[in-house]
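> This is what each chain is made of:
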Amino acid sequence: MSVAVRERDLPLRDVQGPSAVGGGSRRFFDLLLLISITDFKKTYYGTVLGYFWSLVRPAVMFSVLLVVFTQIFRLSGVAHYPVLLLLGIVFFTAFQEVTSTAVTSVVANEGIVRKTQFPRLVIPLATVMTGIFNLLLNLIPVFIFILAFGIAPMWTWLLLPLILLALIGVTTAVALILSALYVRFRDVAIIWGVMGTVLLYGSPILYPFDKAPEKVQTALLFNPLTPIFTQSRQWIIDPSAPNAVAAVGGWARFSISVFVYAAICVTAVWIFRREAPRIAEDL
Amino acid sequence: MAVDVSTAAAPAPSPGVAGRSLAIDVRGLEKSFRLPGQKIDSLKERVLHPTISRDFSQLRALDGISFEVNQGEFFGIVGRNGSGKSTLLKVLASIYRADAGLVRMAGRLAPFIELGVGFNMELTARENVQLNGVMMGLTRKEAARRLDAVLDFAELNEFVDLKLKNYSSGMLVRLGFSVMIQADADILLIDEVLAVGDASFQQKCADVFHDLRGSGKTLVLVTHDMNAVDAYCHRAILLDHGQIVHEGNPQEVGRHYLRLNFERGETSSAAQASAGGPAVRLVDIWLEDAAGERTNSVELDDDIRLRAIVEADRDTPAPTFAFLLSNADGVHVFGTATQLKREAGEPDLLAAGSRAKVSARILNPLGSGRYFVDFGVNREHSQTDNVIWVSKAADFVIYGTQAQTGLIALENEFEAVIEDG
Ligand SMILES: Nc1ncnc2c1ncn2[C@@H]1O[C@H](COP(=O)(O)OP(=O)(O)OP(=O)(O)O)[C@@H](O)[C@H]1O
Ligand SMILES: [Mg+2]
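One line per chain: the protein sequences are A and B, in this order.
With the numbering used here as the guide, the letters of the first sequence map in order to residues 1 to 283.
With the numbering used here as the guide, the letters of the second sequence map in order to residues 1001 to 1421.
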């Protein structure tokens, strides 16, 4: 037996096995960036109008809903309803698009997950990154619209990042849960498709919180998106509107949404950490 | 032609592992999968059978695997389909998590598993090479710089911006292999690369393996090609049902592998079925050269020397031993049989527990090409009462440079002269 001699001996190290994040933080962020960029390119590759489409979707939805709720149902007594609706829809589309892409994201990257030691968390996070990028771009025309509508800039606009953080947080958590569960339960995609509609009407987007009947309000408390919409109404559109706590009727009721929000985040971390090592074999 | 049968010694034990510093250390690795068909794929089943996840049956893909690979060593893993080779590599490469056991490794690892390094088919070669580089721990800039080297090696420069889903399967393997080689890792895990690819690519792989052997890199090679194991590996293991059934030098492991392949399903005559397994086992079969060394090739005109060792698990009266040669097209070119050679008064019996060595020297009139050897044992000097029959138990090549073609090499005198006047 002839074994070649190498100059130096390398030390043996324990191999940890697959995980959600393993492999060093620089590698993690480089991969995240790379996958996000290619995801973004992929989405619009082969489309003639490219990025324009990410504006068209919320715009069409906005126009239709605006006609329905101002011409047919005649919702009245809501100051600046069109801009409120537009802002809500842009936020909601971001949530909706990221989560529904995330559902299949791990499976869509099967080729990589099955053959390499890839930090699993990168995949749903890349969807979130792409979503954030789209959202920021979409907010530009929204603010142009807000100004054109006659709303003067106010200092609370500077608090927008807080709202975005809250939105991104819950979006990420839901994306993690869905992407991990979908590997084993393909029903998740269908269920989430239905949930999209439920959430659209079950969030204070088409109507402000206080216009909803008592029973609906109670249901809305359990929606972690509710504080995001109510607070953005006060900070961005209408300073005379109540803040997120006052709108729902005090801290006790407000804390329900906060609790649900926190529960979703904790569940997300728990599920993803538990499922990550097994994702490759369950695909 | 002469066939002589005598009792032979058991084969020598496999050589031990040299005491160098280790590149891979695997201890007691276990991995089970849920058995197919029992996998719960929808929530409804989960809701209807909430407890089923606890009592599904398990498939033990790896069942207590322990081995060590030295730094700089080339290590072969062979085994039948489904024996757990790819699963083992996936555990080594941190793609699957082991249920139990310990894996330790020295240095950076580059896996090439089931013909790929993890490509996204929707992306171009350029994007994939960059992605893979980053995955291997390079920065994005370094990874982009590596692109040319990878494409040059794969000879795919023209296709750099083609999406991988439009690549041919051979091109994909080329690209993947090239990415892995250019990653410059310390340990290479290679699963089945030799199965695909055209002749020029196979030559390239051979060259790479040759170069790597001197470089101190460690290579784990999974393949079904025993010649490759023989040619490249210092040592090999044979997996069967998730266990290491043999460990040692490549030739020996290769022989065990062939036996494992052909013993099953080939020995199912009615007689044995009723008696529970074959009465005789083929322990070893090989080809020798004139000096008595094992070989895989015979020169044109040189004799073919076939050897086999059989062991009887039960008494086998009046055995007949047969070799049958067929060529690469499956044409039977020659068969021969003999009976037990014995002194006067000895019974014509291969007794339970005894071994027989079968040797045949065949004067060789065969043309050059690849040949397969079938081996069989019959009872009671019968033509039909087959105890075992092992198809393609061995194979060899007849080579030569004479300007002749055809199935057989006939003695000939042949000349061409200018005719006078
Ligand atoms: N993710 C998985 N889920 C369920 N079973 C699996 C999974 N991966 C592998 N197996 C099973 O484990 C066993 C070993 O498979 P493996 O791919 O390791 O075989 P192999 O030795 O590489 O075979 P081949 O020579 O065909 O490549 C097989 O029975 C296979 O069905
Ligand atoms: Mg395999």
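These are calculated hints, taken from the structure and not from any lab test.
As the structure is a prediction and not an experimental result, all values here were calculated from the model.
Built from N, CA and C at the ideal position, the CB exists for glycine as well.
Watch out, some of these pointers could steer you wrong.
Taking beta-carbon pairs under 7 Å as the criterion, some of the chain A residues facing chain B (in silico) [claimed, not checked]: (1) Asp9; (2) Leu10; (3) Pro11; (4) Pro18; (5) Val21; (6) Ser25; (7) Arg27; (8) Glu110; (9) Gly111; (10) Thr116; (11) Pro141; (12) Pro277; (13) Glu281.
> Now look at each hint and say whether the structure bears it out.
Hint by hint, here is what the structure shows:
1. Asp9: holds, 4 Å
2. Leu10: Holds: closest Cβ of chain B sits about 4 Å from Leu10(A), inside 7 Å.
3. Pro11: Where the cut-off is 7 Å and the nearest Cβ of chain B is about 6 Å from Pro11(A), the hint holds.
4. Pro18: Status holds, d = 5 Å.
5. Val21: violated, 13 Å
6. Ser25: violated, 12 Å
7. Arg27: Holds, because the Cβ-Cβ distance from Arg27(A) to chain B comes to roughly 6 Å (cut-off 7 Å).
8. Glu110: At about 9 Å, which exceeds the 7 Å cut-off, the nearest Cβ of chain B leaves the hint on Glu110(A) violated.
9. Gly111: Given a least distance of 5 Å, the restraint on Gly111(A) holds.
10. Thr116: Holds. Min distance 4 Å.
11. Pro141: Because about 29 Å separates Pro141(A) from the closest Cβ in chain B, which is outside the 7 Å limit, the hint is violated.
12. Pro277: At 4 Å from the nearest chain B Cβ, Pro277(A) passes the 7 Å test, so the hint holds.
13. Glu281: holds, 5 Å
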